[in-house]
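Given the structure of chain W, go ahead and fit chain P onto it with the hints provided.
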Amino acid sequence: GAVVSQHPSRVICKSGTSVKIECRSLDFQATTMFWYRQFPKQSLMLMATSNEGSKATYEQGVEKDKFLINHASLTLSTLTVTSAHPEDSSFYICSARAETGEGEKLFFGSGTQLSVL
Amino acid sequence: GENVEQHPSTLSVQEGDSAVIKCTYSDSASNYFPWYKQELGKGPQLIIDIRSNVGEKKDQRIAVTLNKTAKHFSLHITETQPEDSAVYFCAASRNTGKLIFGQGTTLQVKP
Numbered sequence: 219g220a221v222v223s224q225h226p227s228r229v230i231c232k233s234g235t236s237v238k239i240e241c242r243s244l245d246f247q248a249t250t251m252f253w254y255r256q257f258p259k260q261s262l263m264l265m266a267t268s269n270e271g272s273k274a275t276y277e278q279g280v281e282k283d284k285f286l287i288n289h290a291s292l293t294l295s296t297l298t299v300t301s302a303h304p305e306d307s308s309f310y311i312c313s314a315r316a317e318t319g320e321g322e323k324l325f326f327g328s329g330t331q332l333s334v335l
Numbered sequence: 011g012e013n014v015e016q017h018p019s020t021l022s023v024q025e026g027d028s029a030v031i032k033c034t035y036s037d038s039a040s041n042y043f044p045w046y047k048q049e050l051g052k053g054p055q056l057i058i059d060i061r062s063n064v065g066e067k068k069d070q071r072i073a074v075t076l077n078k079t080a081k082h083f084s085l086h087i088t089e090t091q092p093e094d095s096a097v098y099f100c101a102a103s104r105n106t107g108k109l110i111f112g113q114g115t116t117l118q119v120k121p
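Protein sequences appear in the order of chains W and P.
In this text, residue positions in the first sequence follow my numbering: the first is 219, and each later residue adds one.
In this text, residue positions in the second sequence follow my numbering: the first is 11, and each later residue adds one.
Read the hints as simulated data drawn from the structure, not as lab findings.
Mixed in with the good hints there might be a few duds.
Below, a list of computed lysine-lysine pairs in the BS3-like style, where the Cα atoms sit at most 30 Å apart [claimed, not checked]:
hint	chain 1	residue 1	chain 2	residue 2
1	W	282	P	108
2	W	284	P	52
3	W	284	P	108
4	P	47	W	238
5	P	52	W	259
6	W	259	W	284
7	P	81	P	68
8	W	238	P	52
9	W	323	P	67
10	W	232	P	52
11	W	259	P	108
12	W	259	W	232
13	P	68	W	259
14	P	32	W	323
To give an idea of the chain P side of the interface with chain W (calculated C-beta under 8 Å), a few residues [what the hints assert, rightly or not]:
hint	residue
15	59
16	106
17	113
A virtual CB, placed ideally from N, CA and C, is assigned to each residue, including glycine.
Just chain W, with the same shape it has in the complex (with noise of 0.2 Å):
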């Protein structure tokens, strides 16, 4: 299947500073990416979907102006969480769409673990 990295692994920071998580995928061109939350034991809950060239679209609930999605090229997304708090700690996971000899299929990133002090 088509590669999607996410870096960094794991982040911790203290409360109040911003972190920048991206998302490349390695071995196809992405238009639309996808950031996901989760917490532990629990299932992933769509945050936004990233598109290329074009402002984010965010899910209900989900402060835009503390997860700042940026998807600049075709390759590269990237979410930044502003102001981070200790309720801001999870498991964050980009998806990627990538045309396959079946047709179009979602892939994922291997997450970040976010843990705010």
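Same frame as chain W, but now just chain P:
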């Protein structure tokens, strides 16, 4: 809104037995149904998927069935092995757009 219900939440089987996980979706316009395996601390890995124009798909020990009328789809794992132990998620979407995930099933395969 769109919803996907997944059962059971936990499943324990003996090595070599079969495991079945079931999902029900609410959005009748959904036409793409992937299954993901997630190991602890890692991102979900696509293991199999099915589109609404197909009723069944098989890949070695894994198979997925879809009943569009009932809006049900299921994952079947045969000859389970300890390395199959993980959390499995079903999902539904329209045209590989945003995925709506089920709640997940923790599968434990006992040696």
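Now for the hints, and whether the structure bears them out:
no.: 1; hint: W/282 with P/108; verdict: holds, 18 Å
no.: 2; hint: W/284 with P/52; verdict: holds, 24 Å
no.: 3; hint: W/284 with P/108; verdict: holds, 21 Å
no.: 4; hint: P/47 with W/238; verdict: holds, 26 Å
no.: 5; hint: P/52 with W/259; verdict: holds, 13 Å
no.: 6; hint: W/259 with W/284; verdict: holds, 24 Å
no.: 7; hint: P/81 with P/68; verdict: holds, 19 Å
no.: 8; hint: W/238 with P/52; verdict: holds, 19 Å
no.: 9; hint: W/323 with P/67; verdict: holds, 15 Å
no.: 10; hint: W/232 with P/52; verdict: holds, 24 Å
no.: 11; hint: W/259 with P/108; verdict: holds, 21 Å
no.: 12; hint: W/259 with W/232; verdict: holds, 24 Å
no.: 13; hint: P/68 with W/259; verdict: holds, 28 Å
no.: 14; hint: P/32 with W/323; verdict: holds, 21 Å
no.: 15; hint: 59; verdict: holds, 6 Å
no.: 16; hint: 106; verdict: holds, 4 Å
no.: 17; hint: 113; verdict: holds, 5 Å
Checked against the numbered hints listed earlier, the structure breaks none of them; every hint is satisfied.
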